[in-house]
Structure formats: C-alpha cells, structure tokens
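Number of protein chains: 2
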Amino acid sequence: MAAEQPGAAEGSVIESTPFVLKCPKGTRDYDPFQMAIRQRVFGIITTCFKRHGAVTISTPVFELKETLTGKYGEDSKLIYDLADQGGELLSLRYDLTVPFARYLAMNKIKQMKRFHIAQVYRRDNPAMTKGRFREFYQCDFDIAGDYDLMIPDSECLKLLHEILTDLKLGNFVIKVNHRKILDGLFAACGVPTDKFRAICSAVDKLDKTPWETVREEMIEKGLTGEVADAIGGYVQLSGGSDLIEKLQMDASLMKIKDAENGLNEMQLLFQYCEIMGITGQLSFDLSLARGLDYYTGVIFEAILKGDSSSPGSTVSVGSVSGGGRYDELVNMFDPKSGKVPCVGFSVGIERIFSIMEARAKEGALGDIRTSPTVVMVASAQKELVKERMKVSNMLWDAGIPAEMSYKKDPKFLNQIQFCEQHGIPLIVIVGADEKEKGGVKIREVNARREAESFVLLKDLVDEVKKRLT
Amino acid sequence: MAAEQPGAAEGSVIESTPFVLKCPKGTRDYDPFQMAIRQRVFGIITTCFKRHGAVTISTPVFELKETLTGKYGEDSKLIYDLADQGGELLSLRYDLTVPFARYLAMNKIKQMKRFHIAQVYRRDNPAMTKGRFREFYQCDFDIAGDYDLMIPDSECLKLLHEILTDLKLGNFVIKVNHRKILDGLFAACGVPTDKFRAICSAVDKLDKTPWETVREEMIEKGLTGEVADAIGGYVQLSGGSDLIEKLQMDASLMKIKDAENGLNEMQLLFQYCEIMGITGQLSFDLSLARGLDYYTGVIFEAILKGDSSSPGSTVSVGSVSGGGRYDELVNMFDPKSGKVPCVGFSVGIERIFSIMEARAKEGALGDIRTSPTVVMVASAQKELVKERMKVSNMLWDAGIPAEMSYKKDPKFLNQIQFCEQHGIPLIVIVGADEKEKGGVKIREVNARREAESFVLLKDLVDEVKKRLT
Numbered sequence: 001m002a003a004e005q006p007g008a009a010e011g012s013v014i015e016s017t018p019f020v021l022k023c024p025k026g027t028r029d030y031d032p033f034q035m036a037i038r039q040r041v042f043g044i045i046t047t048c049f050k051r052h053g054a055v056t057i058s059t060p061v062f063e064l065k066e067t068l069t070g071k072y073g074e075d076s077k078l079i080y081d082l083a084d085q086g087g088e089l090l091s092l093r094y095d096l097t098v099p100f101a102r103y104l105a106m107n108k109i110k111q112m113k114r115f116h117i118a119q120v121y122r123r124d125n126p127a128m129t130k131g132r133f134r135e136f137y138q139c140d141f142d143i144a145g146d147y148d149l150m151i152p153d154s155e156c157l158k159l160l161h162e163i164l165t166d167l168k169l170g171n172f173v174i175k176v177n178h179r180k181i182l183d184g185l186f187a188a189c190g191v192p193t194d195k196f197r198a199i200c201s202a203v204d205k206l207d208k209t210p211w212e213t214v215r216e217e218m219i220e221k222g223l224t225g226e227v228a229d230a231i232g233g234y235v236q237l238s239g240g241s242d243l244i245e246k247l248q249m250d251a252s253l254m255k256i257k258d259a260e261n262g263l264n265e266m267q268l269l270f271q272y273c274e275i276m277g278i279t280g281q282l283s284f285d286l287s288l289a290r291g292l293d294y295y296t297g298v299i300f301e302a303i304l305k306g307d308s309s310s311p312g313s314t315v316s317v318g319s320v321s322g323g324g325r326y327d328e329l330v331n332m333f334d335p336k337s338g339k340v341p342c343v344g345f346s347v348g349i350e351r352i353f354s355i356m357e358a359r360a361k362e363g364a365l366g367d368i369r370t371s372p373t374v375v376m377v378a379s380a381q382k383e384l385v386k387e388r389m390k391v392s393n394m395l396w397d398a399g400i401p402a403e404m405s406y407k408k409d410p411k412f413l414n415q416i417q418f419c420e421q422h423g424i425p426l427i428v429i430v431g432a433d434e435k436e437k438g439g440v441k442i443r444e445v446n447a448r449r450e451a452e453s454f455v456l457l458k459d460l461v462d463e464v465k466k467r468l469t
Numbered sequence: 001m002a003a004e005q006p007g008a009a010e011g012s013v014i015e016s017t018p019f020v021l022k023c024p025k026g027t028r029d030y031d032p033f034q035m036a037i038r039q040r041v042f043g044i045i046t047t048c049f050k051r052h053g054a055v056t057i058s059t060p061v062f063e064l065k066e067t068l069t070g071k072y073g074e075d076s077k078l079i080y081d082l083a084d085q086g087g088e089l090l091s092l093r094y095d096l097t098v099p100f101a102r103y104l105a106m107n108k109i110k111q112m113k114r115f116h117i118a119q120v121y122r123r124d125n126p127a128m129t130k131g132r133f134r135e136f137y138q139c140d141f142d143i144a145g146d147y148d149l150m151i152p153d154s155e156c157l158k159l160l161h162e163i164l165t166d167l168k169l170g171n172f173v174i175k176v177n178h179r180k181i182l183d184g185l186f187a188a189c190g191v192p193t194d195k196f197r198a199i200c201s202a203v204d205k206l207d208k209t210p211w212e213t214v215r216e217e218m219i220e221k222g223l224t225g226e227v228a229d230a231i232g233g234y235v236q237l238s239g240g241s242d243l244i245e246k247l248q249m250d251a252s253l254m255k256i257k258d259a260e261n262g263l264n265e266m267q268l269l270f271q272y273c274e275i276m277g278i279t280g281q282l283s284f285d286l287s288l289a290r291g292l293d294y295y296t297g298v299i300f301e302a303i304l305k306g307d308s309s310s311p312g313s314t315v316s317v318g319s320v321s322g323g324g325r326y327d328e329l330v331n332m333f334d335p336k337s338g339k340v341p342c343v344g345f346s347v348g349i350e351r352i353f354s355i356m357e358a359r360a361k362e363g364a365l366g367d368i369r370t371s372p373t374v375v376m377v378a379s380a381q382k383e384l385v386k387e388r389m390k391v392s393n394m395l396w397d398a399g400i401p402a403e404m405s406y407k408k409d410p411k412f413l414n415q416i417q418f419c420e421q422h423g424i425p426l427i428v429i430v431g432a433d434e435k436e437k438g439g440v441k442i443r444e445v446n447a448r449r450e451a452e453s454f455v456l457l458k459d460l461v462d463e464v465k466k467r468l469t
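If you read the protein sequences in the order shown, they are chains A and B. Quick note: the first sequence, position 118, residue 118 per UniProt numbering, numbers continuous. Quick note: the second sequence, position 459, residue 459 per UniProt numbering, numbers continuous.
Isolated chain A (complex conformation) (with noise of 0.2 Å):
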C-alpha cells in the first residue's frame, strides 16, 4: 500500500526531516569491496561475449510503455511504469531484449551479434538472499540475421558453457527444449491452439510446482484430466539424444509437423554442441518452457547444481540464465520489414554475484583490493602541507595514483595505518631536512626491513615505477 504523502514545496527552503534512511525494496547499494567483485564478474563475462565477437550497444533504461506492451504475457504485471507528468507514457525495461529488437527494427538492421550489459526492473516480490531483486543487472548476448538452422543457436549454448565454466560456478546443467516441440506435443495431446501459451506457461511452473498442482492449473484453465495427463506423460522426460531418438519413433507425435520439425532440429543442435563438446552439461528437458511470450524455437536455461560444502551455498541452487529463439519479436515493431530472426540469452549476476561475494570472503578469489592508491605521500612535521602537496602533485602529473592526507598536520602514525588499512605498498616521506637537500624518503610499507632512503625529487617518480615493478 502507498503510504500517505504530503505535497513537496518545490524550491523550499533546506529543512533537517529526519525520516527512514534506505533504498527502495528490492534493491540495494554495491559498496566498494563488492564493487570490485562484481567488475571481476563482468570482466570474464565481457571477455567470452568478445571471444564471440560480439560488439556492444546500449538503449535507454526506460522505453515507450507500448514498446513493452504485449511482449511478456502474465509477467507483464511486473513492469514498473513511470508517472504521468505530462509527455509520453514510459516503462522501466523489463530486459534488454525487447529493447534490441526495438532497436534493430527501428535502425533496420537485418544482421547483428551484440552484448549489452545492464540492469532492468521488475516489481517481482524480492528475495534477496536468494539473489532476486527488482533492480538487477542480466548479461545479454543476442544473434540476429536470417541465418542456418541450429547454427548461431549452438554457439549460443557453446557461449553460455563458457562463460559458466570461467566463471567456476560448479557443476551446471543447461537443460534445452523447443517450442515447436512443446506446441506439437500440445497438439497431439489434444490441447486448443489458443490455449498453447496459457498451458506453456502451466508447464513451465513445473520446476517448481509439483505436477499435480500444474495439473490443477491446466484443468482450470479448460483441459480435461485426460488431457492434462497425456501431457504430463511428455514433460516429465528429460534425457539427451537417447530421449530425442524415442520421441521420433512415438508415432502420435510425429504426425504433428510442428514436433516432427522441432524433434529434427534438436537433433542437429545436439550433433553441433557434440562436436563444441558440450554435450555433458547438456539436457533435452520437456518440461522447460519459459514464460514470455516472445520464444518461438529453442529454448534453454541453465541451472547450477550447487555444492553444499562451498561458501555462499545458499544461494548455489538455481537458474542464472535462460534464453532461446524468438523469430517474429522484431516483425512485431516492424510487420513491413524482411524476417529478423533472433537467438540469444540473458545471465542474471545476482546469484552469481552472491556465490562469488560469498567466496570473496572466505579468501577464495586471492586479494580484492578496492584502492588503486600505490603511494602515500606523507609527513612526520608539521607544516608541510604544501611540500606534500607539490609531491603529490608531482606524482599524479606523472600518472601514479598517489594519497595525502587531507589534514593540514596529520599524525604520522595515522597515515601509516592509512597505507595498511588501503594496501599501499609505498610510502614517501616529506621532511624539513629532506626538502632542503631538494629530496624525500621513500619507503615500502610491508618491506621486512623498514629501510628509508633518500631520492631527489628529480628522480622520484623513476624511483617510484622502479619500485612499483
């Protein structure tokens, strides 16, 4: 419920209210320390999207609420939508997909592998320690172009392998379907057709629903018992090329062209990702079905298996990324237009972030540094602010990140505990009598021996990269 809120005196005068200090539910702040964890993160990520050659583009965090409209099916409850303050009517993105077909039909680009990095927004009911906010960032990579079957969508699950293995999440599994397969199946069990995407969203609650309960949900929602069983018969299988080899034998389904083309080109996908090798992580698993609306092939979504002995184990479990074949998003913003045909994914890092944050601490992940500080120009004398400052000057002029104090007279011992406390490996002393021989004395902070010497200032900054290396 919205709490009750007095009008805002525009351009009041500043006034002390004290008032409840957080952020909005569902999302949070990244201080340092997790800053540099997740910049390691996406730092590998960006690096496999690359080794794909993937170039980068970016679009606006929110779009016109009609771009979003009728894209997500049930999930489309979730969008956060902006007030009207006069103007056009807008939305938070919900992904980054929507926007990238928006994108290329707008621009008319037929052909494009891209990344795109960036948070999206859903007014989900968070679980936080879970990994799941309403603020979130998800990792894409998208291939558009009217290409040859199963060929972009196998490098899409090689990609997705990569970047789980870099990430050295455990063990994975990316289980796969593909819609034509679900609708052939829907339709040999008997299932309307206008009723695919309301029983596709039924099945795809079974990951977390016990059959019965889904069975429920597809009889209110117009099945017979009897239909509803047939299908449970089929998405309860999971298997590889053995199940894909059955299912082409069961005679029922394969008078259904949609699950005869469908069963076919799972079968070409798994003979490519045999030759990429990853085949081990791979599942042919009826019951994935994904909810939005835009998916028309392949689908698939990969889910950590987890290790209860590692750290941040309590959030090893799940799915950190889905994606699949959407064909016809594209012709949606432009009917005019050739096919767009597109395949692709979305990681989301929060859980992955949780797990490494989790490692981070128990000192899995080496030193995490959040200071890029390499010296610290310091001083045991009053006095000398301005000494100290022409150093540092001097240092930054010559591209070194260095520190001072910004007390005019510091304590010497408190900038010692600051080079400790921020891991500065050097420290260089300004005194009286070093200033007038034109000089300073250098010294490194963890050295065994804590020697000083004495460097003129004209050769500092060699000193400092000689040390530095």
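Be careful, since some hints might not be right.
One copy or any two copies: either way a pair holds, since identical chains are not told apart in the list.
Claimed, not checked - Straight-line distance between alpha carbons at most 20 Å, and here's what the computed PhoX-like set of lysine-lysine pairs gives:
1) 22 <-> 408
2) 22 <-> 458
3) 305 <-> 208
4) 458 <-> 435
5) 208 <-> 221
6) 390 <-> 50
7) 130 <-> 336
8) 25 <-> 305
9) 25 <-> 408
10) 336 <-> 22
11) 361 <-> 25
12) 305 <-> 339
13) 465 <-> 77
14) 22 <-> 108
15) 65 <-> 77
16) 408 <-> 339
17) 257 <-> 22
18) 205 <-> 77
19) 458 <-> 437
20) 65 <-> 22
21) 411 <-> 110
22) 208 <-> 257
23) 411 <-> 386
24) 77 <-> 336
These aren't lab readings, by the way, just hints derived from the structure by calculation.
Knowing the structure of chain A, use the given hints to seat chain B on it.
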C-alpha cells in the same frame, strides 16, 4: 501532453500492431561505434579518478521520493516520479550526489573518497544537438570527511583539470566562487536572509541571460532597484588572486563575517592551486552561483572555450562539469550524526561525447574498431560447417576471439568481405584436402602478398598467437 492510452490487456495473445518506433523523448541508443568512443571517454576519466585514490560504489537508479525532496530547489520540478503501483513512492535519481549522501548517512560512513559513473534523469527540455538529454551520464568524484580548509577542495580542482587535459578538449576555464562570498555580498548589499537562495538562483542565470533580465527577476523577487544594482556591481566581476585582494580591501564587504571567511578561504584555495600549477585555467567569477540548494562553500564549473575550426565545434563550447562543497547534506539524512562535510564534482559526459564522436568521424582519434574478432574461420567449399565449427571451437577454447559464418555453405567472397568490413586480421581456411591432412590454411587478410600457409590443427593456436603479436 499525455497521449490517450488504451488499457493494454495483460497476458494477451501477441499481436502485430504497427506504432511509432522511437526512443523516449530526450533519450537515445548508442550504436557499437558510439559505445567504443563512450568507453574510451570513461576509461580516461576512470584512470584520473583512480590516480587520486578513489574507490567506486553504486546505488539504485531510483530512490524513495522523500530522499530527493527538498534538495534541488527550483529544479525539483524536473524529477521523474514512478507511477504509484502500490508500495513505496519512488523517483529516478536526479544526480549522484544526493544518493551518495544518503549512502554515507545510511551506513554511518564518516570518510570516503569515491567515484561513481552512472546515468541520471531530468525532465528538462532536451536539446540533443547541444548534448542536453533527459537520460545522461554523470561521472562523479567526491571527498567526504572532516578535513582542513581547502585541501580536498583544491585536489578536486586539480583532478578536474587533469580530466579536461587528458580528454584533450582544447582550452577550458574553471570558474570558482564561494557560497559564503555570495551570501556575504548579498548581506552587504542589503538582501534579507530569507531571500538569499532565491537571489542566488537569479544570479545563476547570468551565464545565459543579460544583466538587465536578471535585475528584473531580482526586483520581481522583492529587491529594490538600488539593492539589485549593488549586487550587479559585484557579480559582474571576475579575475584571479588580484580580485580576491581587491575585495579584501572592500570595507563594506569585509565587515560581513561570511564574506571575510569566504575570501580568506578563496585566497588559500588559490595558493594551493598555484602549487599544483592550475591557476592559469582558474577564474574567480562572482557571477557563478550554481542552482542547487545543497552547496555551502566553494563552488565551481568548468567551461570549454571551443575552437570554431575543430570538429564538433557546434557542441564544443559550454559547461561540462560543476561541483562544490556541501557540508550539510549528509546531516539532512541523519541530523544526529556528527558532521560529514563533503566536496566533489560531476563531469557531464554527453557534450564531451559529442565532441569526441565528431572528432572520431574525422579520424582524429585513430582507428576505432568495434569488433573484437581476430580470426575468421572460413571455407570455400560446401559441406564443411561441422569442420568450421570444430576449428572455431578450438580457438574459443584457447581464448582467441573467432567467428565463423552462420550459413551452412557461405560464399567465400562474403566471408572475405566480412573480414574486411570488421577489420579481422586473420583468416583460417577449412578445406576438404586440408581436413584430410589434419590441418587448415591460414592467411593474413591485409597482407600485401595473400600467401596462404598450411598449418596442422594441433599447431593452429600457437600459429595464430604468433601471428597476432
């Protein structure tokens, strides 16, 4: 005006409805070329921030509406609110300063030097050719902590000077002023205390508006013509240390404590800036007022002076950065905490980006490649898609950015053209004969002599690495 919006049926069947394809007013997409430039600009600015020892944080794109209330004076009307969909009332962040102060207060942090690069949102009248957008990046640097006078302030000016120098944007000037000097001269001229902020925001318009118009606004705001003219005598002054000294001899000004303190601080600031060698670009400018309510001390603004002969000259003149001291903002969130004085600035990236983009298009920034790919795995023959996939996979697994055509049997010429369009330096050619012999051919795309060499598959990765160095 808001357009009529029919109630969108949620979860409805996908329909292809043609509509206006566009980004929201005042926003834009970045294409891969623009992204490459943007990343270059961010890279330069981030290097400067880190050189001064700043860590980074991030905060959500929206805040509780009340977090932003009462911080921006007359500009508050430009804040984007989110629709009330049940739950908290939220607004998009208007700058990065208020979220930083909220972060400090919420986490009881008393000292921090941080940078934050992120988008902010203002419902301003966009002028996109001049680089004025409704969604735009700010690159913020701030020093929080109770330190000695003008030491952090002068480092901010030095850092801003470094950024503008390293970005190579041509001549610039950094205007400086002090809120206490402004308040002091308002008092000396006879402005009532409760009108200080309103008169300050009138003075702030002097950079775009002639004095006569500003004078009228002051009279409308309740000053007599005489008082306004007295203010006019001061706020049209600018200079360096000489002007500070001149004002320090102005008896009617110096009897106001605020003015005396402000001028002494300004003198110290200029002394520190002299040590750091940046007074050549510094101008003490009494017309500089800065619109925002939260400033309490030194304020400054950087202006590009432009060069009409250079690329991007239409956007090359104007303000690119502003900042100042805000000693009370953190306490507005947590009045019981001790003092957390802050000083910092924000670099607006859009105008800088427009200049860099114009320059890049004239080739002045060297070769800006958008594709990361270094090897194209091609074939001149049919039926070799699986072989191309195998070779590509080998390169990917060795960490080498590689691409192959997504066509089953692509034309050789198209593959060569792809390399040329994307600046891919190496081509690996898969053929039936070579496959037989367990290898491929390799060739440098831009080599004068297009010599192909045979390489065994087991040696390919080493050969590629050798040729890339």
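Evaluation of the provided hints:
1. 22 <-> 408: Classified as neither: same-chain Cα gap 35 Å, cross-chain 55 Å, threshold 20 Å.
2. 22 <-> 458: neither (50 Å within a copy, 57 Å between copies)
3. 305 <-> 208: For residue 305 and residue 208, the Cα distance is within 20 Å only inside one copy (15 Å; across copies 61 Å).
4. 458 <-> 435: within (12 Å within a copy, 62 Å between copies)
5. 208 <-> 221: Classified as within; 19 Å inside a copy, 64 Å across copies.
6. 390 <-> 50: between (43 Å within a copy, 19 Å between copies)
7. 130 <-> 336: neither (43 Å within a copy, 34 Å between copies)
8. 25 <-> 305: neither (29 Å within a copy, 45 Å between copies)
9. 25 <-> 408: Answer is neither: 42 Å inside a copy and 49 Å across each miss the 20 Å cutoff.
10. 336 <-> 22: Intra 48 Å, inter 16 Å, cutoff 20 Å: inter-copy only.
11. 361 <-> 25: neither (25 Å within a copy, 44 Å between copies)
12. 305 <-> 339: neither (38 Å within a copy, 49 Å between copies)
13. 465 <-> 77: neither (57 Å within a copy, 51 Å between copies)
14. 22 <-> 108: Answer is between: at 12 Å across copies they meet the 20 Å cutoff, but 43 Å inside does not.
15. 65 <-> 77: For residue 65 and residue 77, the Cα distance is within 20 Å only inside one copy (12 Å; across copies 22 Å).
16. 408 <-> 339: Answer is between: at 18 Å across copies they meet the 20 Å cutoff, but 68 Å inside does not.
17. 257 <-> 22: neither (55 Å within a copy, 38 Å between copies)
18. 205 <-> 77: Within one copy, since 17 Å is at most 20 Å while 44 Å is not.
19. 458 <-> 437: The answer is within: 12 Å in one copy meets 20 Å, while 62 Å across copies does not.
20. 65 <-> 22: Between copies, since 11 Å is at most 20 Å while 28 Å is not.
21. 411 <-> 110: between (64 Å within a copy, 18 Å between copies)
22. 208 <-> 257: neither (31 Å within a copy, 69 Å between copies)
23. 411 <-> 386: Answer is within: at 16 Å inside a copy they meet the 20 Å cutoff, but 69 Å across does not.
24. 77 <-> 336: neither (29 Å within a copy, 41 Å between copies)
The structure fails hints 1, 2, 7, 8, 9, 11, 12, 13, 17, 22 and 24 (numbered hints given earlier, in ascending order).
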